[in-house]
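Participant: Protein sequence lines correspond, in order, to chains A and B. FYI, the working numbering numbers position 118 of the first sequence as 121, with every residue one higher than the one before it. FYI, the working numbering numbers position 50 of the second sequence as 84, with every residue one higher than the one before it.
Everything labelled a hint here was simulated from the structure, so no lab data went into it. Glycine included, every Cβ here is placed at the ideal spot set by N, Cα and C. The reader is advised that the hints may include incorrect statements.
Quick list of in silico lysine-lysine cross-link-like pairs, DSSO-like style, CA-CA up to 27 Å [stated by the list, open to error]:
1. Lys90/B - Lys127/A
2. Lys171/B - Lys87/A
3. Lys90/B - Lys129/A
4. Lys171/B - Lys74/A
5. Lys127/A - Lys122/B
6. Lys164/B - Lys122/B
7. Lys127/A - Lys87/A
8. Lys101/B - Lys122/B
Restraint-style ranges between C-beta atoms, simulated for each label pair [to be verified]:
9. Val63/B - Asn80/A: 52 to 58 Å
10. Gln57/B - Lys91/A: 40 to 46 Å
11. Ser134/A - Glu91/B: 18 to 24 Å
Over 12 Å on every C-beta distance to chain B, these chain A residues come out as not near it, computed from the model [claimed, not checked]:
12. Leu20
13. Phe28
14. Val43
15. Thr45
16. Arg69
17. Asn82
18. Ser88
19. Lys95
20. Gln103
21. Thr104
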Amino acid sequence: MARKSRKQHLVAGELNLTAMIDVAFQLLSFFIITIHPVDVYTNMNVFRPSQESTTVQEGPPPNMIRIMIYKDAYTINENPIEFKSLDKIMTKLSEHDKGQTILIMCRKESKHRQLIDVLDMCAKLKLTNLSVVSSN
Amino acid sequence: MRAPKEEDYLSGNLTAMIDVVFQLIIFFVCTISMQDQSKNTGIDLPMAPHGPVETKELREIIIDVNKNSSISMARTPLSYTELLGILKHAVAEAQAHGAQVPIIIRGDANARHEGIKAVMDACATAGIYKIKFAALKEKAG
Chain A
4 MARKSRKQHL
14 VAGELNLTAM
24 IDVAFQLLSF
34 FIITIHPVDV
44 YTNMNVFRPS
54 QESTTVQEGP
64 PPNMIRIMIY
74 KDAYTINENP
84 IEFKSLDKIM
94 TKLSEHDKGQ
104 TILIMCRKES
114 KHRQLIDVLD
124 MCAKLKLTNL
134 SVVSSN
Chain B
35 MRAPKEEDYL
45 SGNLTAMIDV
55 VFQLIIFFVC
65 TISMQDQSKN
75 TGIDLPMAPH
85 GPVETKELRE
95 IIIDVNKNSS
105 ISMARTPLSY
115 TELLGILKHA
125 VAEAQAHGAQ
135 VPIIIRGDAN
145 ARHEGIKAVM
155 DACATAGIYK
165 IKFAALKEKA
175 G
C-alpha cells in the first residue's frame with residue numbers, strides 16, 4: 004500500500020501541468036477573439052454547348068425551355084416576362100419533368116447577377132440539365 | 035555512479051514538444067489567412083442561396099472575371115490568348131491521365147456577360163464544356 008502511494012506521488016509531482024494549461028487558455032482566448040464566420044460558397048454546374056456542333060435538326064423541336072436574359076429583362080420561349088413570373092412558370096413546368104433541358108441565352112450587355120439568379124432558381128427547382136449560351 | 039531512479043524516467047521534458055506545437059500552430063494560422071486572401075480578389079460574388087455547397091476537386095482552375103470584365107487567375111491578369119493557352123495546356127495534361135479539367139468561373143455580380151462569354155468561349159475552344167459558376171450561398175455576418 005505504501006509502495007503504491009509513493010508511485011502516484013511521483014507521477015503527479017513531476018508533470019507540472021500549470022504552464023501547459025496556461026498556454027492552452029491563451030490559445031483558446033486567441034482563437035475565440037480572432038475567429039470570424041466565413042462565407043459559404045456554391046458552385047453551379049452548367050453545360051456550354053460547342054459552337055461547332057450546331058446542326059440543323061429535323062422534326063419537332065425538343066422538349067426545351069429557352070430563357071433569354073437581356074439587360075434587366077427576361078423572356079421565356081420568346082415571351083417577355085418579369086423575374087417573379089418566370090419563377091412561377093418555371094415552378095409549374097418543373098413539376099412535369101425535372102430532366103428537361105433549360106437553354107439559357109445571355110445577351111452580352113446583361114449582368115452576371117441575372118444569370119446567377121436564373122441558375123439559382125433552377126437549383127431551387129432541382130432542374131439540372133442546364134445549358135448556357137451567349138447571344139449578341 | 036548511481037543507478038537511475040524511477041523518477042528519472044517519469045519526468046518527461048515537454049519543452050521541445052511544446053515548441054514544435056507552437057511552430058505548427060503559427061504555420062497553420064499563417065497559411066489559413068493566406069488562403070483566405072487568395073479568394074479575396076475584390077470580386078463581389080452574386081448570391082445563390084439555393085445552390086449546392088461547393089465541393090473541392092483536384093486540379094480545379096478558378097478564373098476570375100471582375101466588374102470591368104477583366105479576366106484573371108490567382109490575381110494575375112490574363113488576355114484571352116493567354117487564358118486559351120493555359121486551358122489548352124491543362125486539357126492536354128488532363129487527357130494524358132484520362133481526367134477532366136474542372137473550371138470554376140468567379141464572376142462579379144455587376145460584370146457584363148461579355149466578360150463571362152470570353153471565358154466560356156475559351157473553355158469551349160479548349161474542349162471544356164462543363165463549367166461551374168461560383169456564387170455565395172451564405173454571407174458571413
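Participant: Given the hinted pair Lys127/A and Lys122/B, is their Cα-Cα distance within 27 Å?
Facilitator: violated, 34 Å
Participant: Is 18 to 24 Å a correct range for the gap between the Cβ atoms of Ser134/A and Glu91/B?
Facilitator: holds, 21 Å
Participant: Check the hint pairing Lys101/B with Lys122/B against an upper bound of 27 Å on the C-alpha distance.
Facilitator: Between Lys101/B and Lys122/B the Cα gap is close to 26 Å, so the pair holds against 27 Å.
Participant: Take a look at whether the Cβ-Cβ distance between Gln57/B and Lys91/A falls inside 40 to 46 Å.
Facilitator: violated, 58 Å
Participant: Is the nearest CB of chain B more than 12 Å from the CB of Val43/A?
Facilitator: violated, 4 Å
Participant: Below or equal to 27 Å on CA atoms is what counts here, so check Lys127/A against Lys87/A.
Facilitator: Between Lys127/A and Lys87/A the Cα gap is close to 14 Å, so the pair holds against 27 Å.
Participant: Within a Cα-Cα threshold of 27 Å, do Lys171/B and Lys74/A meet the stated pairing?
Facilitator: holds, 24 Å
Participant: Closest CB-CB distance from Gln103/A to chain B, is it above 12 Å?
Facilitator: holds, 18 Å
Participant: Hey, Lys90/B versus Lys129/A, does the alpha-carbon distance stay inside 27 Å?
Facilitator: holds, 21 Å
Participant: Confirm or reject: Thr104/A is not an interface residue toward chain B, with every Cβ-Cβ distance exceeding 12 Å.
Facilitator: holds, 14 Å
Participant: Mind checking the alpha carbons of Lys164/B and Lys122/B for me, to see if they're no more than 27 Å apart?
Facilitator: Between Lys164/B and Lys122/B the Cα gap is close to 15 Å, so the pair holds against 27 Å.
Participant: Taking the closest pair, is the beta carbon of Leu20/A still more than 12 Å from chain B?
Facilitator: violated, 9 Å
The earlier numbered hints that this structure contradicts are 5, 10, 12, 14, 15.
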